[in-house]
Structure formats: C-alpha cells, structure tokens
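The chain contents come next:
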Amino acid sequence: MKAFILKFTLFVAIVSLLTACGSGDDNATGSENQGGDDVSISLMHYYNKELGEPAPTAQLEKLDEFAANNPDVTINQEIQSHDNYETKVKTLAAGDELPDVFLIKGSMTQQFLENEQVMNLDEFLNENDGWQDQFIDGTLTPFQVDGSAYGVPISGGATHIVYYNQAIFDEVGIEAFPATWDEFLAAIDTLNENDVTPIALGNKGKWVLNSSYLSTLGNRYTGDEWFDNILANNGEAAFTDQPFIDALSAINQLADRDAFNENMNSIDNSEQQALYMNGKAAMFIEGDWAAGSISSNAPEEVLENTHVAIFPAIDDAGGNQNTVSGGGGWAYAINADVTGEKLEAIKDMIYHLTNEEAGKLILEKGQMPAIKVSGTEDMELGRLTREILELLEDNKYVPIYDTILEPALIEEMNNNMQVMVIGQVTPEKAAENIQKVYSK
Amino acid sequence: MKWLTPLGKTIVNILLLMFSLSAVFPIIWMLYSSFKTQKEFTLNTISLPETWQFSNYIEAIQVGKLHEYFFNSVYISLSSVFLIILLGFIIAYMIARFSFPGRKVIYILFMFGMLIPIHGLLVPIFIEFKNVGLLNKPYTLILPYVAFGLPIVIFLFESFIKQIPKEIDEAAIMDGCTTFQVIFKIIFPIASPVIATAVILSFLTAWNEFPFALVLIQDEALRTLPVGLTNFNGQYTVNYPQMMAAMSITVLPVLLIYLAFYKKIIQGMTAGSVKG
Numbered sequence: 006m007k008a009f010i011l012k013f014t015l016f017v018a019i020v021s022l023l024t025a026c027g028s029g030d031d032n033a034t035g036s037e038n039q040g041g042d043d044v045s046i047s048l049m050h051y052y053n054k055e056l057g058e059p060a061p062t063a064q065l066e067k068l069d070e071f072a073a074n075n076p077d078v079t080i081n082q083e084i085q086s087h088d089n090y091e092t093k094v095k096t097l098a099a100g101d102e103l104p105d106v107f108l109i110k111g112s113m114t115q116q117f118l119e120n121e122q123v124m125n126l127d128e129f130l131n132e133n134d135g136w137q138d139q140f141i142d143g144t145l146t147p148f149q150v151d152g153s154a155y156g157v158p159i160s161g162g163a164t165h166i167v168y169y170n171q172a173i174f175d176e177v178g179i180e181a182f183p184a185t186w187d188e189f190l191a192a193i194d195t196l197n198e199n200d201v202t203p204i205a206l207g208n209k210g211k212w213v214l215n216s217s218y219l220s221t222l223g224n225r226y227t228g229d230e231w232f233d234n235i236l237a238n239n240g241e242a243a244f245t246d247q248p249f250i251d252a253l254s255a256i257n258q259l260a261d262r263d264a265f266n267e268n269m270n271s272i273d274n275s276e277q278q279a280l281y282m283n284g285k286a287a288m289f290i291e292g293d294w295a296a297g298s299i300s301s302n303a304p305e306e307v308l309e310n311t312h313v314a315i316f317p318a319i320d321d322a323g324g325n326q327n328t329v330s331g332g333g334g335w336a337y338a339i340n341a342d343v344t345g346e347k348l349e350a351i352k353d354m355i356y357h358l359t360n361e362e363a364g365k366l367i368l369e370k371g372q373m374p375a376i377k378v379s380g381t382e383d384m385e386l387g388r389l390t391r392e393i394l395e396l397l398e399d400n401k402y403v404p405i406y407d408t409i410l411e412p413a414l415i416e417e418m419n420n421n422m423q424v425m426v427i428g429q430v431t432p433e434k435a436a437e438n439i440q441k442v443y444s445k
Numbered sequence: 239m240k241w242l243t244p245l246g247k248t249i250v251n252i253l254l255l256m257f258s259l260s261a262v263f264p265i266i267w268m269l270y271s272s273f274k275t276q277k278e279f280t281l282n283t284i285s286l287p288e289t290w291q292f293s294n295y296i297e298a299i300q301v302g303k304l305h306e307y308f309f310n311s312v313y314i315s316l317s318s319v320f321l322i323i324l325l326g327f328i329i330a331y332m333i334a335r336f337s338f339p340g341r342k343v344i345y346i347l348f349m350f351g352m353l354i355p356i357h358g359l360l361v362p363i364f365i366e367f368k369n370v371g372l373l374n375k376p377y378t379l380i381l382p383y384v385a386f387g388l389p390i391v392i393f394l395f396e397s398f399i400k401q402i403p404k405e406i407d408e409a410a411i412m413d414g415c416t417t418f419q420v421i422f423k424i425i426f427p428i429a430s431p432v433i434a435t436a437v438i439l440s441f442l443t444a445w446n447e448f449p450f451a452l453v454l455i456q457d458e459a460l461r462t463l464p465v466g467l468t469n470f471n472g473q474y475t476v477n478y479p480q481m482m483a484a485m486s487i488t489v490l491p492v493l494l495i496y497l498a499f500y501k502k503i504i505q506g507m508t509a510g511s512v513k514g
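Chains A and B, in that order, are what the protein sequence lines are.
Going by the working numbering, the first sequence opens with residue 6, and the numbers climb by one from there.
Going by the working numbering, the second sequence opens with residue 239, and the numbers climb by one from there.
Think of the hints as simulated: they come from the structure by calculation, not from any bench.
Treat the hints loosely; a few may be bogus.
What the hints assert, rightly or not - Calculated pairs, EDC-like style, for lysine to aspartate or glutamate (alpha carbon to alpha carbon, straight line, at most 16 Å):
| hint | chain 1 | residue 1 | chain 2 | residue 2 |
| --- | --- | --- | --- | --- |
| 1 | A | K93 | B | D457 |
| 2 | B | K303 | B | D413 |
| 3 | B | K368 | A | E102 |
| 4 | B | K277 | A | E305 |
| 5 | B | K368 | A | D383 |
| 6 | A | K93 | B | E458 |
| 7 | A | K95 | A | E83 |
| 8 | B | K277 | A | E276 |
| 9 | A | K54 | A | D77 |
| 10 | A | K401 | A | E276 |
| 11 | B | K423 | B | D413 |
| 12 | B | K303 | A | E411 |
| 13 | A | K445 | A | E411 |
| 14 | B | K303 | A | E83 |
| 15 | A | K54 | B | E297 |
| 16 | B | K277 | A | E306 |
| 17 | A | K209 | A | E276 |
Said to hold, decoys possible - Cβ pair distances, simulated, as ranges:
| hint | chain 1 | residue 1 | chain 2 | residue 2 | range |
| --- | --- | --- | --- | --- | --- |
| 18 | A | E188 | B | S258 | 49 to 59 Å |
| 19 | B | K375 | A | D342 | 17 to 27 Å |
| 20 | A | S153 | B | V361 | 27 to 37 Å |
| 21 | A | S301 | B | L242 | 48 to 58 Å |
| 22 | A | N420 | B | V262 | 52 to 62 Å |
| 23 | B | L269 | A | N420 | 47 to 57 Å |
| 24 | B | S293 | A | D273 | 25 to 35 Å |
Note that the Cβ used here is the ideal one computed from N, Cα and C, for glycine as well.
With the rest of the complex left out, here is chain A (with noise of 0.2 Å):
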C-alpha cells in the first residue's frame, strides 16, 4: 500500500508538471496578433449551408461578402450543428477556450457575464447612428443584464403564431378566425362535433407549450410587470399568482375540451406539423419558423388554405392583449478579451452581419429579422412570410420564457405543464410546483 501510494503522488506530481508546462504554452499564442495588418477572427456557429434554413443561410452568404470586402481579415469558422452547437459553446466557456466571436441564447447572458467572458457592447451599438434603435421592440431585452447589452441579435421571430386551415374552418362552418376567446373555445367545440382535430400539438419535446402557448398567454394574465418582478427576483411576483394559475388555466382548458389530438406527449413538433399538412387537424401552434417547411413540404390544398393569426383577445385578462411571445433567439456575443484592431475588425463583421441589409436578406428568406425592415411592400415575399410580417406589425413582442428563465426552471415548467395537459395534475397545483424551484 505505501508503495501505491508514492506512486500515486508520483503521478499527479507529473501530471501537474505537465498542466503547467501546457498552460505557459496557451500564454505565448495568446499574445500574437499584435501590430501587423493581417487579423484573423475565431467565430463559431451552427450555420449549415445545405439545410437551406432562412436566417443561418443569410448569414453565410453576409459573411462570404464581408470577406470579399476585407481581403486582410481571416475569418476561421468552426461550424457545429445547431444541437452540439450549445453543448460545445458550455464545455468551451468552462474550459476558458471561447472563440472570439460566438452566438449565445438569452439564457446564457447572466451566466457568460459573470465568468467575465463576454463584452459590454453598449458602447458599440451606439457607434453606428441609431443603430440600437433600429432593432425590434423587445429584440435586445434576452441579452440585456442591468440595461447593458451582450449579444447582437439576428433573427428576432414570433414564437407564438396559429396557422389554420381556412378550407376545414369553411366545411364545418367557421367563417373567419376567432375574434374572443370565447369565440375561440366554441370553434374548438364546433371542430370536434365534426370529428377533426381541433389543434395538432406535439409536445414530445416539452418546449412547445412553453414557447408557443404559455409565453404568450402568460403575458396575456399578468401583463409585463409581473415578468419583470419575477426577474428581478424581489419577491413581489410569484408563480402562484391568481393571474399566472389563470394562464395555466387557459391552456388546460384547451385540453378539458379535447382541442389537441390524444397523442401530443408522443410526438414531436414536426409531427403535428405532420398532422396538419395531412388535412387531419384545422390548425397547429408554432413560432413563424414552421412557416418554411409549410411552404416547402405542405400539400399544395393544404397550402393554399393555410393563414396565419394568434391567440384572439381575452376578455377577462389583465395584461395587453395584442401581444406575441417573440424576440431574439441567438445573438452574436465578443469574448471579453480580444482587444485592439482585431475588435474593430469583429465590430466591423457584426455590423455587416446584423444591419438593415442583413435584415431584408433574412426576410427575403423567409424569416423574421430582429432588425426594422423599411420598404417591405416592395419586396418580394412568400405568401405566408407577409401575412406573418403583417400580423406582427401591429403586435408587441413579449419575452419568451424559456429563452430566458434559469434551465432547471424551464424544465420544471415544462414537465408541469406535459403532465397538466394530460390531467395529472391540477393548474393550481403546477403553479406551486414551479414556484418551489424559484424560491429555492
């Protein structure tokens, strides 16, 4: 035994040596890329050419232009997949390997702030005239601690719009969308009578509900003060307010009514697309991203049906009512330590990335850009893109919650919820159970 254990002192006494020798050797390429024209930037993202997805596609094709712009600039791209991409980006921030430029998600800000590893870009978004003005109402907020901004957003969509099947609505006699949730309740009813899903929902992945129903209906009870406190954490909001039981409530409703199809736990949100697309539901919830992929793989009949609306007004809730839950979902974040030319170098391809004209390339796409867009009437839209651009300009973007709450939070929620709809537990008795992990 004591000859095990001189070994094993031996070893991470070797070991140790070996940490040293290797952190000395991080040092000395840290300190290169000082003076001399040449800059070349790390950035890391999960853009994939092939996938053909609106935004990322956008912004490849803004970063092939700014590097024909800027000959001496090399821009080194790791490319992860959207689903490592968030695994890697955690594993490298605890690691301290960030690259200099990366994307982050609202969540991520506070975390990435306290180990000092991002950059105040207040300053920055008010070098171009007005700039930070330019962006969408509700855009900044994921990326904002105390009022000071971390992330430039780039696509800033609804996570909250109905698509509906106005040829269904038609044959069971609907005439048009639902103008009062009561309205809405009683379209339900009518579907049902006629033996057709009302909603396709598929909340396999847990997020669907949260994202595209609760945010919105959430903001719908409370209203923004609410969501605020429950931020700030100074104990004048809580979950098991009357007004946030009501929202849980809403959705529950829904279920009582049998408005979703019996399987929504088992499938997933490309599914209940699935559904719709197959004729067999009247309408399914989700951000305007589904927009694309109805566009591209939807049956033509079903297409040429398919409008866009949200959530209709609800009478007896407090909050506003012409809210969406949408903004920022990825934005592009500086490492806290690069410094001098190889900044403005970055600040230069950021601004490239993120301006107006960037903006009107990820609308041309298809998606909805976190920046203003002038001159939209003159574009040339997909059908569904303008309806949604449309019904977005006279709603308010509210926060989505799962964007920007605590993960162990969000699960809490979302698990809840998955059980709620089910009937397993009661809104009331949800709202404590997501209360007890906040006050924890």
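Please build the complex by placing chain B on the supplied structure of chain A, with the hints as guidance.
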C-alpha cells in the same frame, strides 16, 4: 421441442417471428426511408417511397461530409480496439495469474471505471486535455476511448482466464515458452470467444461514441461519423431521408463486424458472464 403439439409450435413460431420482425423492422424502415423525398417522409413516415431517390446518398455524403469522417471513425475505432484488447489482455492475465501486493487494488481501480458516467467527466477531461495540449490531435480520441474501454474488457478477460487451468501455463513453460509466448500463443487462442465479444463491445462503443468526439475535437478534418450525422439537424428542421441514408452508410461496418464474429459472440457471452 418434441413435447409441443403442432398448434403449440405454430404459436411459438408466430411469437418468435413477431419478435424478430420488431428487431429487424427499424433497420428495414431506415433503408427504404432513405430513398424517399423529404415531402413524402413528412406526410407519411411509414409508406414506401414512390420514386427511389438515390441522390439522397450522394447528398448525404456531401452534407454530412461522410467521406472524410468515415476514414477518421475507422482509424480511431480500430486503433482503440487494438490497444484495448492488447492492454486489456496483458493486464487481465497478470491480475488473474499472479499474486503480488496491490493486485486487488489495481483490479478494483479498473472496476471503478465502469461506475463513472462519461458525461460527468466531459468538462474535467476537456480542461485537462487543454492544459496538457492534447486537444485536436489525430490521436486525441483514442486516449479516452481506450481508458473507458478497458474496465469491461479486463472484467471479461480476467474471469475467463481464471477458468483456464493453470496446468496449461505450466506445461507451456516446461516446454520452454516465455511469459510473452504463454500469453499470446497459448492463452490468447483459448480465449478467442471472449475476445470476439470484447472486440465487438469495444468497437461499438468507439464507433458510436459522441460526447468526447464533439468536445475534444475542433478541427473539422478530424471529426468522426456520429458528429457528422448531426449535420442533418437544423435549428427547426431535420432532413430525415438524408439522415437515414447517412445512417445506412454508418451501420454498414457494424453489421460486417457483427457478421464476422457472431458465432464466437454467442459462446463468449456465456463464457465471460459466469464465474468459476
């Protein structure tokens, strides 16, 4: 089976047939789905393709960069398996045949390796590799794969070697074998069933491994197949038919290895599991 009536036989056969269908169907489904268009797949996940889209395979190779990653995966998996079997066999032989102070401690330390969930070690190993400067090398992934592959293999080998009579070793030494020759000329062939099991097990783990391959490798030229397969997942869309085509290409080597070794595996499964 003589005691079964014809009716009983039919029922048993139907049950077994259903069981094997449930095991084989996913692979068949994957194969024919890989020839569908994205539209066909979205509208009906089970139907047969209307027209056979062979182009899915070409696109899959381009999108997933399978031609590059395939070579990396083969190289890393085979090197890992070779090292795991070589090291594992020597270590297991020493532990099974010799008694020396600390023998049990070494054995238990290896067994502890089976208890640690890989995800818990992801970040520590990333930081360690970063500090030592082992990230992003062609051999980076082989190190953790061998380390995590050894415990189960040593466990299998050790219990198998213990069953082989010591007299065989003694006879070999009497005839003039060195220790090295005893291990590889005498015991190794006797242990071939359990070695086949170990080869399959460690090959599968290395071939499918994902978390380390994602985190420890930055360079695109060094990535492996499981990471490449996720290239078909977008933020909101998944191109399933292309992904199925890519998966069909990916499972091919696994099927080949299995077919090459399967007779031995069945012997090895029972051989390694029961002690004494």
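Is 47 to 57 Å right for how far apart the beta carbons of L269(B) and N420(A) are? violated, 36 Å
Agreement of K54(A) and E297(B) with the hint, judged by alpha carbon distance not exceeding 16 Å: Within the cut-off at roughly 12 Å; holds.
Taking only the CA atoms, is the gap from K303(B) to D413(B) under or equal to 16 Å? violated, 55 Å
Honestly, do S301(A) and L242(B) meet the 48 to 58 Å range at C-beta? holds, 55 Å
Check the hint pairing K401(A) with E276(A) against an upper bound of 16 Å on the C-alpha distance. The given pair, whose Cα atoms are some 29 Å apart, is violated under the 16 Å limit.
Between K277(B) and E306(A), is the straight-line Cα distance small enough, at 16 Å or below? Distance of about 14 Å is within 16 Å: holds.
Pairwise hint evaluation, E458(B) against K93(A), where the allowed Cα distance is 16 Å at most: holds, 14 Å
Quick one: are E188(A) and S258(B) within 49 to 59 Å, going by C-beta? Given a distance of about 54 Å, which is inside 49 to 59 Å, the answer is holds.
CB of S153(A) to CB of V361(B), is that within 27 to 37 Å? Holds, since S153(A) and V361(B) (Cβ atoms, about 28 Å apart) stay within the stated range.
Hinted pair K368(B) and D383(A), Cα distance within 16 Å: violated, 52 Å
Run the distance test for K54(A) versus D77(A): straight-line Cα separation, threshold 16 Å. Given that 16 Å is the threshold and the Cα spacing comes to 24 Å, the pair is violated.
Verify the CB-CB distance for K375(B) and D342(A) against the hinted window 17 to 27 Å. holds, 24 Å
Hint check: violations occur at hints 2, 5, 9, 10, 12, 22 and 23; the rest are consistent with the structure.
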